[in-house]
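Chemist: One-letter residues, chain by chain:
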Amino acid sequence: MKLNDNIVALATPSGAGAIAVIRVSGPDAIELVAPIFKAKSRKDLREQPSHTLHLGNIIDGERILDEVLVSVFHGPKSYTGENTIEISCHGSPYIQQEIIQLLIRKGCRSAEAGEFTLRAFLNGKMDLSQAEAVADLISSENQASHQMAMQQMRGGFSNEIQKLRQELLNFASLIELELDFAEEDVEFANRDQFKDLVSRIQHVLKRLIDSFAVGNVLKNGIPVAIVGEPNVGKSTLLNALLNEERAIVSEIAGTTRDTIEDEISIGGVGFRFIDTAGIRETEDVVESIGIKRTFEKISQAQVVLYLFDASRLSTSDRHPELVSGSSTSEDGNSPTLDQVKLEIEKIRNQFPQKPLVILANKVDKLSREARANLKSHISDLNTISAKSGEGVEDLQQKLLQFFNTGELRNNNTIVTNTRHYNALLSALEEINKVQEGLNNNLSGDLLAIDIREALHYFGEITGEITNDDLLGNIFANFCIGK
Amino acid sequence: MFDKEYDVIVVGAGHAGSEAAAAAANMGSKTLLITMNLQNIAQMSCNPAMGGIAKGQIVREIDALGGYSGLVSDTSAIQFKMLNKSKGPAMWSPRVQSDRMMFAEHWRLRLENTPNLDFYQEMVSGLLIENDRVVGVRTSLGIEVKAKSVILTNGTFLNGLIHIGDKQFGGGRAGERAATGITEELLQLGFEAGRMKTGTPPRVDGRSLDYSKMIEQPGDDVPAKFSYLDETAPLKKQRSCYMSYTSPEVHELLKEGFDRSPMFNGRIKSIGPRYCPSIEDKINRFADKDRHQLFIEPEGWNTVEMYINGFSTSLPEDVQFRALRSVAGFENVKFFRPGYAIEYDYFPPTQLKHTLETKLVNGLYFAGQINGTTGYEEAGSQGLIAGINAALKVQEREEFVLQRSEAYIGVLIDDLITKGTEEPYRMFTSRAEYRTLLRQDNADFRLTERSYKIGLASEKRLRKMEEKKEKSAAFVNFLKDTSVVPEEANVVLEEKGSSPMKQSDKIFKVFSRPNITMDDVRKFSGVNEFIEANDLKEEELEQTEIQVKYSGYIEKEKNNADKLNRLEGIKIPENFDYSRIKSMSYEAREKLRKVKPTSVSQASRISGVSPNDISVLLVYMGR
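The listed protein sequences derive, respectively, from chains U and H.
Heads up, the first sequence is in our numbering, so the first residue is 59 and it goes up one at a time.
Heads up, the second sequence is in our numbering, so the first residue is 82 and it goes up one at a time.
Note that these hints are calculated values from the structure, not bench results.
Owing to the predicted nature of the structure, the values given are computational and were not obtained by experimental measurement.
Virtual Cβ for every residue (Gly too), placed ideally from N, Cα, C.
Do not rely on the hints blindly, as some may be mistaken.
If you want a taste of the chain U side facing chain H, the calculated C-beta under 10 Å gives, among others [to be verified]: (1) L113; (2) N115; (3) E170; (4) F179; (5) S231; (6) E241; (7) E242; (8) D422; (9) L500; (10) D503; (11) L504; (12) I507; (13) R510.
One-sided excerpt, in silico: chain U residues whose CB lies under 8 Å from chain H [said to hold, decoys possible]: (14) L176; (15) E494; (16) N497.
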C-alpha cells in the first residue's frame, strides 16, 4: 500500500441518497480538485484558508457534472492529517461515479477499504489504543468488499478473468522455461499462439472496460423487458415497483402506450423497464410484427420478466382444476396454461443465457388450492399481486440479487467495481506492451516483465498472487533437469 | 593443542565452508577451518561445472564481493560458455566445465595463502554453548576449541545415508563417512530438522565410449571468464562435451529395476529436487517422452573419467549398467563409479536471520546444504555471507545484508529464511522480481563498493569497477550528446531494415532501436575516435550497449524496486507480539510468529500472509 499518494473515495454509504460526500486526501488533494471546481465566487480553491466551504460546479472540460459544496481542509488539521477536500454532491450513483472517475483521471488513486482511517491513524490523528479498532475496520471492510466482489464475480467475469489469467500464466511459464532451462530439451512457447492469446485477452479486457458501470448500468439502469399480453397488469406492476402512480392503469386492454420505459431505483441500483406486447402466436399481420418487436426488445434487455394473468386462464380440458373458483375468462382470447408454458419455452429457447423471471399476476383472485396447482405445473413460478402488493418485495429482492451475483450480463458481463475497472485498465496497458514486444520479437526476459505486471493486475481482481505459481507450473508440467 | 580462542570456526570445507573461511579470515578474523578430510577441500561432489543460468550470475556476485569461487573457476576451467546469449542481457549466464581435481587443488592453495586461517582435520561432533551463545566446538576425539562464533557447513554429511538399489549405507559422499552428533545436539537445543534427498549419476571410462555416435558440444569461440579481476585470463584451448539420448529401450531396461528402486519402494521418504530429477523419476513422471538428453562431461584436462549428466539414479548398479549400455555410444561402456542417491539432515532455514545466524543460538551460523539448498554456487554464496557476518559480529560491527533488488544472493537468502523450502532449493532467474537489474555484467557495480566498505573487496577491485563505471557512463553521455545526420545513419538503418531518419538525431536514440548494435554505431563518425581516445575495453563497450539498449526496462524495474524498498524500510521490532492482533488471520499470525520477519516487506512475502494482513500490520507499525 502506498502511503504518500492522493486517494479518492466515496465517504458516505454507496447507493442513492439525498447527498453523497466524496473525499480526496493526499499532499496534492487541493491542487487536484481546484482545476475541476468552478466556484460561484470565482475564487481559486488553492488560495482558500483551511476549514472553509465553497459553492460551485464540478466541471469536466466544458461539461458541468453537478453543483456541489466543497470543504477545504489543510493538513494536518483534517481527518486524515493530510490536505483534504470533501465534495458534497447530489446522491445519484451516476454522479458519484462520474466525479470519482474524473478525479482518478486527474491523478487520484481509488482508496483501499479503510485507507482514510489508516492514514488518519498513521498521521497521529488517533492514539495507539485505537489501532485495534482501525485494524478491525480494515479487515472487516476488506473481507466485506472481497466477499462482495467474489459474489459479483461468481457468475460474472471472474471465470473469464480466471481462465485468461491461467492461460497467461501458462504462457508466462513457457517463457520462463525458455529462460531458465534454455540448455535443456524443452519445448518453446509458440509465439503465434501467444499473439493469438494476447489479442483474445485484449478483446475481453476492452469489452469488460466498456461495460463499466458509469457508461452502462449506472447511467441507463439495467434494462428489464416485461413480456405479457395486454391487460395482464404490467402497468400495475410497474406502479407497485415504483410505489407511485406513474403509468396509467385501467381495466381496458391497451390503455398504456406502445411501450413504457421507466427507470426505477431499487436499493440504489437503477433498473430500466421496457414494456413489450407479448409473443402469442397469431395470424394477424400487425400482431406478428409486434412479436418480432418483442423479441428485439428482449434481446436488448438483461433480464426478462414474463407476466401472465393467473386469474384469466382459458378453461382447458386437461387442467379444469386450475380455473375452478375463479372468474373464468369468457372471451376465449385468454391463453390456456399450455399456451403460457409454450411461450415460456419459446423465450427460454431463444435466450437461454438470459435470466427469466416468471410471474403469475392477480393471484389474489385465486384460491390457495389453485395457486398450488399452478405452481406444480410451471417450475420457478413466482406468484404476485401487483394490486395488493403481494410478492412485489420478493421481486425487488430477486432483481437486486441478479445484480449482486452478477447474473446480469451485457454481453455476459458487467464491471461495476471501480477498483476492478482500474485493474482492468492497467492490465490492458501491460497487455498492449506485451503485444508490442511480441511484434518486435522482444527477448523473453523483457517480455516477462510486462507479462508479470499484467498477471499482477489480474491478481488484483481474482485475489491470486503469482511469483511462486510460475515455477510450480513449470515443475508440474515439464520434464526438466539434467 | 588449541589454547587460543578463535574468532570464527568453520565446520566443513566444501563450497560454503571454503568461502566462509576465506571471507572471515580476509576480514581479519582469526579463523579455523575444520574438516573431516583435508584431502577433500572444495570437492565438486556432483557435476564438474560452475555457473549456468542464474548460478553464473551468483558466481559473478561472489567474485564482485571478493570471494574466491570465480577466480578458482577461471583457473580450473576446461570449457567456457555464455548461455542464453540470444536473449536479453539479464539472461546471459556464464558457465564453465571444470577440471575437478584442479578445482579442489586451486581452492586449497588459495586458502593456504589466506592470512589468519588455520586448518585442522577432525570430525566436529558437538557445540559448546553457554547461555544461548556458542563458545566453541567439540571434536569426536573430545578436543574442545574455543571460538566467538561457529559456522556450520555440513553439506550432505549430517547422518548421510547412501542408497544404491536396495543397498544402503551411511556416508557423506561415496567413499566418505557420515557425520553424527551435531543434529541430535541441535534438536536438543530446540532446532527443527528435516531430511532431504539428492542424487548423482554414474562416472564412466571415457576410453570405452564411441563419440562418433554423439553430438559434440564445444565451448564458445570467444570464451569469457568469471572474475572481474585481471588476475585470471580467458581460456585459450578448451575440451568439448558430448550429447546423446536415452531411448524407449533404455527406459524399458531401467523399469526392470523399479521394484528395487529406493525411490519407488518407499525406502527414500525425503523429497528430492523436482528440477534435477533422477532418470527413473523422469521416465515415471513423463511417460510420454520417449527420450531424454544426456550430457557427457569430461572430469578434467587429462583424466579419462567422464560424468553422465542427466542420468542421476539410485537404481541397482547392474540395472544402471545394463541400461546405459543401450545408449548410443555407450555400447562398451566401463563404469568407474555407479550413481547413487543420498539422504541427509537439513534445518529448515526459516530458523535463520538474514545474516544466516540462527535465531536460537547467538553466534551460530548455517550455510549451504544444511539450509536445504543445492548447488555449489548457492552454497558458496551463503558461506560468503555467513563468513562476512560472523566476522562483523565478532568485531561488533553492523550486519551485512543484500536486498532482493541488489543481488541473487539477496533473493536466495530472503527466500530461504522467509519461505523456507520443501525441496532442495536452487536459484532460477524467475525467482528474482527484478531480473533485469541483476545481470552478470554489473555484479561489480552492484556489490563491490559495499564489500570494499566492510573491508573485504580489495582496493584494486574497487578501482577497476570505478574505472569501468566511469568510462561506460562517459560513453553513454557521449552518445546522448552527439548527433548523427540522416545521410550517414540511413545507410546503416536501411541495411538493418529499420526505417530511415528524416532529420538529425542523437546517436543514443538510433542505438536504442531494435537490431541496431554497437558495430553499427561504430560506423558513425566520431564514435570510433571516442572509443580509441578513451581506450574503452570490450567490457566497457558491452556495458554501454546494455545501458543504452535496455534503459527503458532497467528504469522501469528500478522504479518498481524502489517501491518495494519503501516497505523494506518499515521495520518490525524483533520481539513483536503478533498474538495481540486479533484482526489478523490465525494462519498469518502463526506464520509471522515463526518467521519473525524484520520488515513489513519481508512479511508480505510469507505464504499465507495476505495483503489484508499486511494492511493491518502497517497499522501496528504506526506506518
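Chemist: Does each hint hold? Answer for all of them.
Modeler: Quick rundown of the hints versus the structure:
At its closest, the beta carbon of L113/U sits 36 Å from a beta carbon of chain H; the interface hint therefore is violated under the 10 Å criterion. Interface hint status for N115/U: violated, as the beta-carbon distance to the closest one in chain H is roughly 36 Å, over 10 Å. Annotation: interface hint on E170/U holds; nearest CB of chain H at approximately 7 Å, less than 10 Å. Hint on F179/U holds. Least Cβ distance to chain H is approximately 6 Å, under the 10 Å limit.
Against a cut-off of 10 Å between C-beta atoms, the interface hint on S231/U holds, since the closest Cβ of chain H lies about 9 Å away. Among the interface hints, the one on E241/U holds; its C-beta lies about 6 Å from the nearest C-beta in chain H, closer than the 10 Å criterion. For E242/U, the suggested interface contact is upheld, since its CB lies about 7 Å from the closest CB of chain H, less than 10 Å. Residue-level restraint check for D422/U is violated (minimum Cβ-Cβ distance to chain H is 50 Å; threshold 10 Å).
Checking L500/U against chain H by beta carbon gives a least distance of about 8 Å; that is within 10 Å, so the hint holds. Residue-level restraint check for D503/U holds (minimum Cβ-Cβ distance to chain H is 4 Å; threshold 10 Å). Given the 10 Å rule on beta carbons, the hint for L504/U holds: about 5 Å separates it from the nearest Cβ of chain H. Restraint check, I507/U versus chain H: the minimum CB separation of about 6 Å is within 10 Å; hint holds.
Look at R510/U: its Cβ gets to within about 8 Å of chain H, closer than 10 Å, so that hint holds up. For L176/U, the interface hint holds, the least distance from its beta-carbon to any beta-carbon of chain H being 6 Å, beneath 8 Å. A distance limit of 8 Å between C-beta atoms decides the matter here; for E494/U the minimum to chain H is near 11 Å, and the interface restraint is violated. The beta carbon of N497/U comes no nearer than 10 Å to any beta carbon in chain H, farther than 8 Å, and the hint placing it at the interface is violated.
In terms of the numbered hints stated before, the structure departs from hints 1, 2, 8, 15, 16, listed from lowest to highest.
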